[in-house]
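Generate the whole structure from the sequences, applying the supplied hints.
Number of protein chains: 2
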Amino acid sequence: MNKWYEEVDNKKDVIISSRVRLARNIKKYPFAAKLGREGAEQLIENVKEVFFAQSEQAKKFYEYYDIGELNSVEKMAMVERHAISPMLINKTDKTGLIMSKDETMSIMINEEDHLRIQSIASGMDIEKALDYANKIDDLLEEQLAYAFDDQFGYLTSCPTNVGTGLRASYMLHTPALESTGKLQIILEAMSKFGVSVRGIYGEGSQGEGSVFQVSNQKSIGQSESDIIENLNSIVKQIADQERKLREKLFTENREKMEDTCFRAYGILKYAREISSKEAVALLSDLKLGAEMGIIKIKDEKPLNVYELFLAIQPANLQKMSGLSLSIEERDISRANYIRKNLPKIV
Amino acid sequence: MNKWYEEVDNKKDVIISSRVRLARNIKKYPFAAKLGREGAEQLIENVKEVFFAQSEQAKKFYEYYDIGELNSVEKMAMVERHAISPMLINKTDKTGLIMSKDETMSIMINEEDHLRIQSIASGMDIEKALDYANKIDDLLEEQLAYAFDDQFGYLTSCPTNVGTGLRASYMLHTPALESTGKLQIILEAMSKFGVSVRGIYGEGSQGEGSVFQVSNQKSIGQSESDIIENLNSIVKQIADQERKLREKLFTENREKMEDTCFRAYGILKYAREISSKEAVALLSDLKLGAEMGIIKIKDEKPLNVYELFLAIQPANLQKMSGLSLSIEERDISRANYIRKNLPKIV
Numbered sequence: 001m002n003k004w005y006e007e008v009d010n011k012k013d014v015i016i017s018s019r020v021r022l023a024r025n026i027k028k029y030p031f032a033a034k035l036g037r038e039g040a041e042q043l044i045e046n047v048k049e050v051f052f053a054q055s056e057q058a059k060k061f062y063e064y065y066d067i068g069e070l071n072s073v074e075k076m077a078m079v080e081r082h083a084i085s086p087m088l089i090n091k092t093d094k095t096g097l098i099m100s101k102d103e104t105m106s107i108m109i110n111e112e113d114h115l116r117i118q119s120i121a122s123g124m125d126i127e128k129a130l131d132y133a134n135k136i137d138d139l140l141e142e143q144l145a146y147a148f149d150d151q152f153g154y155l156t157s158c159p160t161n162v163g164t165g166l167r168a169s170y171m172l173h174t175p176a177l178e179s180t181g182k183l184q185i186i187l188e189a190m191s192k193f194g195v196s197v198r199g200i201y202g203e204g205s206q207g208e209g210s211v212f213q214v215s216n217q218k219s220i221g222q223s224e225s226d227i228i229e230n231l232n233s234i235v236k237q238i239a240d241q242e243r244k245l246r247e248k249l250f251t252e253n254r255e256k257m258e259d260t261c262f263r264a265y266g267i268l269k270y271a272r273e274i275s276s277k278e279a280v281a282l283l284s285d286l287k288l289g290a291e292m293g294i295i296k297i298k299d300e301k302p303l304n305v306y307e308l309f310l311a312i313q314p315a316n317l318q319k320m321s322g323l324s325l326s327i328e329e330r331d332i333s334r335a336n337y338i339r340k341n342l343p344k345i346v
Numbered sequence: 347m348n349k350w351y352e353e354v355d356n357k358k359d360v361i362i363s364s365r366v367r368l369a370r371n372i373k374k375y376p377f378a379a380k381l382g383r384e385g386a387e388q389l390i391e392n393v394k395e396v397f398f399a400q401s402e403q404a405k406k407f408y409e410y411y412d413i414g415e416l417n418s419v420e421k422m423a424m425v426e427r428h429a430i431s432p433m434l435i436n437k438t439d440k441t442g443l444i445m446s447k448d449e450t451m452s453i454m455i456n457e458e459d460h461l462r463i464q465s466i467a468s469g470m471d472i473e474k475a476l477d478y479a480n481k482i483d484d485l486l487e488e489q490l491a492y493a494f495d496d497q498f499g500y501l502t503s504c505p506t507n508v509g510t511g512l513r514a515s516y517m518l519h520t521p522a523l524e525s526t527g528k529l530q531i532i533l534e535a536m537s538k539f540g541v542s543v544r545g546i547y548g549e550g551s552q553g554e555g556s557v558f559q560v561s562n563q564k565s566i567g568q569s570e571s572d573i574i575e576n577l578n579s580i581v582k583q584i585a586d587q588e589r590k591l592r593e594k595l596f597t598e599n600r601e602k603m604e605d606t607c608f609r610a611y612g613i614l615k616y617a618r619e620i621s622s623k624e625a626v627a628l629l630s631d632l633k634l635g636a637e638m639g640i641i642k643i644k645d646e647k648p649l650n651v652y653e654l655f656l657a658i659q660p661a662n663l664q665k666m667s668g669l670s671l672s673i674e675e676r677d678i679s680r681a682n683y684i685r686k687n688l689p690k691i692v
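As they're listed, the protein sequences go chains A and B.
Following this note's numbering, the numbering of the first sequence begins with 1 at its first residue and continues without gaps.
Following this note's numbering, the numbering of the second sequence begins with 347 at its first residue and continues without gaps.
Please keep in mind that the hints were generated in silico from the structure rather than gathered at the bench.
One should not assume that every hint holds.
Derived pair list, reagent style DSBU-like, types lysine-lysine, alpha-carbon separation capped at 30 Å [what the hints assert, rightly or not]:
id	chain 1	residue 1	chain 2	residue 2
1	A	Lys344	B	Lys615
2	B	Lys665	B	Lys590
3	A	Lys277	B	Lys602
Now the structure itself:
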């Protein structure tokens with residue numbers, strides 16, 4: 001079964017993916033901070049039982065992972081693929097994960113809240129992601145009484161998640177806005193519109209390869225659809241500006257843009273050692289080049305840059321090689337992987 | 347007819363070429379500084395007549411150029427190919443050139459001295475170059491009485507050339523010595539041995555692409571063979587050190603060297619704009635890679651890096667395109683030329 005990030009979607013030119021997560025807590029258990037070891041075990045068993053009892057489909061398409069039993073490479077690889085949060089693997093209490101085999105759906109158990117229901121869709125399709133997350137949410141709510149307040153809505157560990165418990169986010173690739181310094185201006189303005197921006201790996205992480213996450217700041221005082229409408233309107237504006245700027249840069253200095261994109265391909269195709277940071281920056285140039293029609297793929301094999309983005313992260317790379325690698329060995333292994341998986345161009 | 351720099355020679359791994367020039371003056375004319383316009387014209391006619399009267403061969407293989415009648419691109423292109431000196435094109439008095447079609451032999455007329463007889467051979471073969479220069483010299487001396495002093499030898503405009511009038515020089519490619527900082531130490535020691543070092547384009551020019559010229563400082567007090575023996579011994583030592591250091595670097599960090607050489611190929615193969623300086627530096631890495639067996643050429647077409655070195659210099663590039671190009675246009679034209687002329691690799 002293909003993972004969501006292996007799908008090739010022509011609409012992914014600026015908007016790589018859409019993600020939704022719902023924060024939920026179960027009434028009968030103390031909140032995560034006070035749950036304790038035994039409470040955590042009971043919570044996890046309870047959720048597992050309810051989820052997998054629902055249907056044969058659940059057993060076929062979903063798997064349960066005891067996070068504590070995974071090795072560190074496997075855990076970090078899941079974080080790199082955005083399947084789970086760093087918090088889920090860093091807690092001393094027991095934590096669990098129910099995840100669909102295509103990695104589009106996941107339920108983190110005993111993270112900051114009892115349940116974090118997450119759904120990812122390729123391209124700009126947050127409605128689809130929300131629809132899937134809501135289905136899982138409804139299904140669990142039938143069996144598990146959630147902590148809910150008529151005035152505030154869903155109750156959560158952190159006040160910022162109270163209300164809908166919804167965080168909707170888009171992963172954007174905006175190399176033209178970034179290279180011209182316009183991204184910074186847009187990002188600074190965004191907080192006024194209730195939107196926050198983070199790097200590819202969450203809060204505090206840098207926007208590597210011109211990839212950024214944009215999400216709603218508040219989950220209270222607005223309906224799910226209002227939150228999403230507001231976010232969509234902002235993201236569409238950013239995407240439009242990025243697309244217009246790409247055309248402008250191409251018209252004004254076609255040779256420069258061609259040079260940057262082709263050099264990126266040349267280095268990725270021939271390097272024998274490459275750091276994650278450099279590779280991601282070059283893949284970003286290559287993605288831009290392919291979307292602008294500068295780089296034309298020859299192979300039957302398509303170019304899926306975001307899949308490469310994820311595959312060459314340190315833990316995913318080690319997971320593939322099945323070995324524990326030093327930084328130098330990873331750089332060599334990464335260069336080999338890219339060389340083998342980069343399609344030929346015209 | 348192939349030019350000397352188009353020859354592929356496996357022995358060119360460190361020593362690219364060997365060059366000899368003989369400075370001569372003709373007794374009956376004042377030295378160049380006092381020759382004047384009319385004198386210059388008489389001198390040139392006299393040398394042309396004597397040279398081309400010698401045989402049918404001379405007419406077939408040699409051509410005469412009135413330097414003042416060449417356009418500036420053609421003149422600079424000749425300088426870039428080391429066929430003539432910058433001085434020959436910068437003089438206000440009339441200057442002339444007799445050059446063989448393969449550009450191995452040339453006679454500059456009315457440069458710093460009346461005659462500068464030059465011969466270039468591919469690889470380490472200064473004896474061949476000297477032999478050819480001597481043949482031309484003997485032939486001219488039969489008809490033209492040279493300014494010669496029994497005590498000092500051949501008399502020249504500049505005292506440094508008095509005696510044999512010989513400057514013998516090698517063009518060396520020493521990337522390993524340069525990248526490790528050892529070249530600087532060697533170069534500083536060389537003046538003690540009567541050897542001087544210059545960049546690829548003569549005095550004051552930088553050693554671009556790790557290419558240097560090494561030549562004798564003095565031409566007096568030693569026989570031709572002593573001058574050459576001394577220079578050969580030093581050049582052989584430098585070449586041996588370069589070869590040993592290449593092996594050492596390869597053994598100690600094979601991946602790093604492979605990465606550098608393959609990246610150079612990747613950039614040269616895909617760039618759409620490239621400066622002369624960057625191209626020469628990358629071609630130097632590529633040359634090293636090919637000589638170390640890291641880069642393996644696929645085509646029937648061989649790799650002749652030094653030919654590319656010369657072809658992508660500004661004036662030669664413009665000469666090929668037949669157009670006057672801006673710096674930006676040259677960078678694009680250079681990238682195109684390299685892309686088309688770089689052989690495929692395994």
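* Violated constraints from the hint list, given by number and in increasing order -> Result: hint 2 breaks, nothing else.
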